[in-house]
Amino acid sequence: MKESSEEKNRMSGVVRTINILEVIAKKGSINLENLSKETDLPKATLLRFLSTLSSLGYVCRDDADHYSLTLKLFSMGSRALAHNDLISKARPFAKALCQSLGETVHMGILEGWQAVYVLKEESSYTLRMYSRIGKVIPLYCTAIGKIFLSQMSEDELDKYLKATSLKPYTSRTIKTPEALKEQLELIRRRGWSIDDQEHEDNIMCIAAPVYDYTGHVVAAMSVSWPLFRFNQAEFEKIVSEIKSATDQLSAIMGYEKETER
Numbered sequence: 182m183k184e185s186s187e188e189k190n191r192m193s194g195v196v197r198t199i200n201i202l203e204v205i206a207k208k209g210s211i212n213l214e215n216l217s218k219e220t221d222l223p224k225a226t227l228l229r230f231l232s233t234l235s236s237l238g239y240v241c242r243d244d245a246d247h248y249s250l251t252l253k254l255f256s257m258g259s260r261a262l263a264h265n266d267l268i269s270k271a272r273p274f275a276k277a278l279c280q281s282l283g284e285t286v287h288m289g290i291l292e293g294w295q296a297v298y299v300l301k302e303e304s305s306y307t308l309r310m311y312s313r314i315g316k317v318i319p320l321y322c323t324a325i326g327k328i329f330l331s332q333m334s335e336d337e338l339d340k341y342l343k344a345t346s347l348k349p350y351t352s353r354t355i356k357t358p359e360a361l362k363e364q365l366e367l368i369r370r371r372g373w374s375i376d377d378q379e380h381e382d383n384i385m386c387i388a389a390p391v392y393d394y395t396g397h398v399v400a401a402m403s404v405s406w407p408l409f410r411f412n413q414a415e416f417e418k419i420v421s422e423i424k425s426a427t428d429q430l431s432a433i434m435g436y437e438k439e440t441e442r
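So in the working numbering, the last spot in the sequence shown is 442, and the numbers never skip.
In short, the hints are calculated from the structure, not lab data. Backbone N, C-alpha and C fix where the C-beta goes; we use that ideal spot for every residue, glycine too. Hints should not be assumed to be uniformly reliable.
Derived lysine-lysine pairs resembling DSSO-like cross-links, with alpha carbons at most 27 Å apart [what the hints assert, rightly or not]:
| # | residue 1 | residue 2 |
| --- | --- | --- |
| 1 | 270 | 424 |
| 2 | 253 | 208 |
| 3 | 438 | 424 |
| 4 | 207 | 218 |
If you anchor each label on the Cβ, the simulated ranges turn out as follows [claimed, not checked]:
| # | residue 1 | residue 2 | range |
| --- | --- | --- | --- |
| 5 | 246 | 371 | 31 to 41 Å |
| 6 | 237 | 346 | 21 to 31 Å |
| 7 | 410 | 295 | 50 to 60 Å |
| 8 | 314 | 255 | 43 to 53 Å |
| 9 | 206 | 340 | 47 to 57 Å |
| 10 | 425 | 349 | 32 to 42 Å |
| 11 | 377 | 242 | 50 to 60 Å |
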């Protein structure tokens with residue numbers, strides 16, 4: 182299937198943008214004429230790209246008409262490194278939970294008004310739930326997502342609710358802001374959350390928060406079961422194991438329970 186001219190232009194624009202950023206990063210500071218020579222792009226074209234990059238906060242221009250990068254890219258890279266460090270520290274705990282409980286373990290982080298899986302340990306059972314690292318999940322009807330919502334201030338939660346339609350994924354999905362807020366208050370008190378067939382029929386998930394040294398929730402780890410494999414008699418033991426894993430991971434991330442959240 183051939184690429185459309187629009188797709189080719191879009192890809193060309195991405196390549197040019199990356200090239201411009203790499204040249205500026207290499208030079209530290211550079212004027213338009215030299216940037217044109219380095220990138221082999223006309224000045225008029227460069228100005229369009231630079232204007233966009235400046236408006237997005239990635240590039241700035243000084244009084245001498247030299248362009249340099251802002252710290253926004255550094256901030257993005259720092260967050261990526263932090264997530265990589267978190268993932269490497271979390272993996273042994275996810276593996277241990279998967280082996281102990283026999284079910285699939287996920288860890289997710291908050292991205293905007295959604296959560297993203299950044300770690301997965303697969304169940305050894307033939308029948309497994311479909312998921313993948315990088316999958317985006319809603320907040321209001323998943324165990325991982327509700328952990329993040331429970332940590333939001335009242336203003337943040339109201340903004341989220343204004344921006345989000347509580348679409349019913351199943352007959353058990355929470356349908357009203359009032360019901361969601363009640364459940365979030367319960368999550369705050371007990372320190373863990375549950376998705377009881379709210380996102381997928383016949384799938385149950387239990388999640389607990391991972392804190393960093395500032396007392397901020399940086400991730401949530403969950404275990405998922407097909408309903409027919411979940412042993413209700415071991416509910417408290419299961420929650421205790423998940424909480425123990427996330428508490429230990431939080432401690433490694435520098436969190437102390439005495440830290441005021």
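Against the structure, the hints:
1. A hinted pair counts as satisfied when its Cα atoms are at most 27 Å apart, and residue 270 with residue 424 qualifies at roughly 16 Å.
2. A C-alpha spacing of about 17 Å is found between residue 253 and residue 208, which places the hinted pair at or below 27 Å, so the restraint holds.
3. A distance of roughly 13 Å separates the Cα atoms of residue 438 and residue 424; the hinted pair therefore holds under the 27 Å criterion.
4. Under the criterion of a C-alpha separation no larger than 27 Å, the hint pairing residue 207 with residue 218 is consistent with the structure, at around 14 Å.
5. The beta-carbon spacing between residue 246 and residue 371, approximately 59 Å, falls outside the hinted interval of 31 to 41 Å.
6. Restraint check, residue 237 to residue 346: a C-beta distance of roughly 28 Å satisfies the suggested window 21 to 31 Å.
7. For residue 410 paired with residue 295, a C-beta distance near 27 Å fails the hint of 50 to 60 Å.
8. For residue 314 and residue 255, the hinted distance range of 43 to 53 Å is not satisfied, since their beta carbons lie about 25 Å from each other.
9. For the pair residue 206 and residue 340, the beta carbons lie near 34 Å from each other, so the given range of 47 to 57 Å is not met.
10. At roughly 34 Å, the beta-carbon separation of residue 425 and residue 349 lies within the given 32 to 42 Å, and the hint holds.
11. Separation of residue 377 from residue 242 is about 54 Å and conforms to the stated range, judged on CB atoms against 50 to 60 Å.
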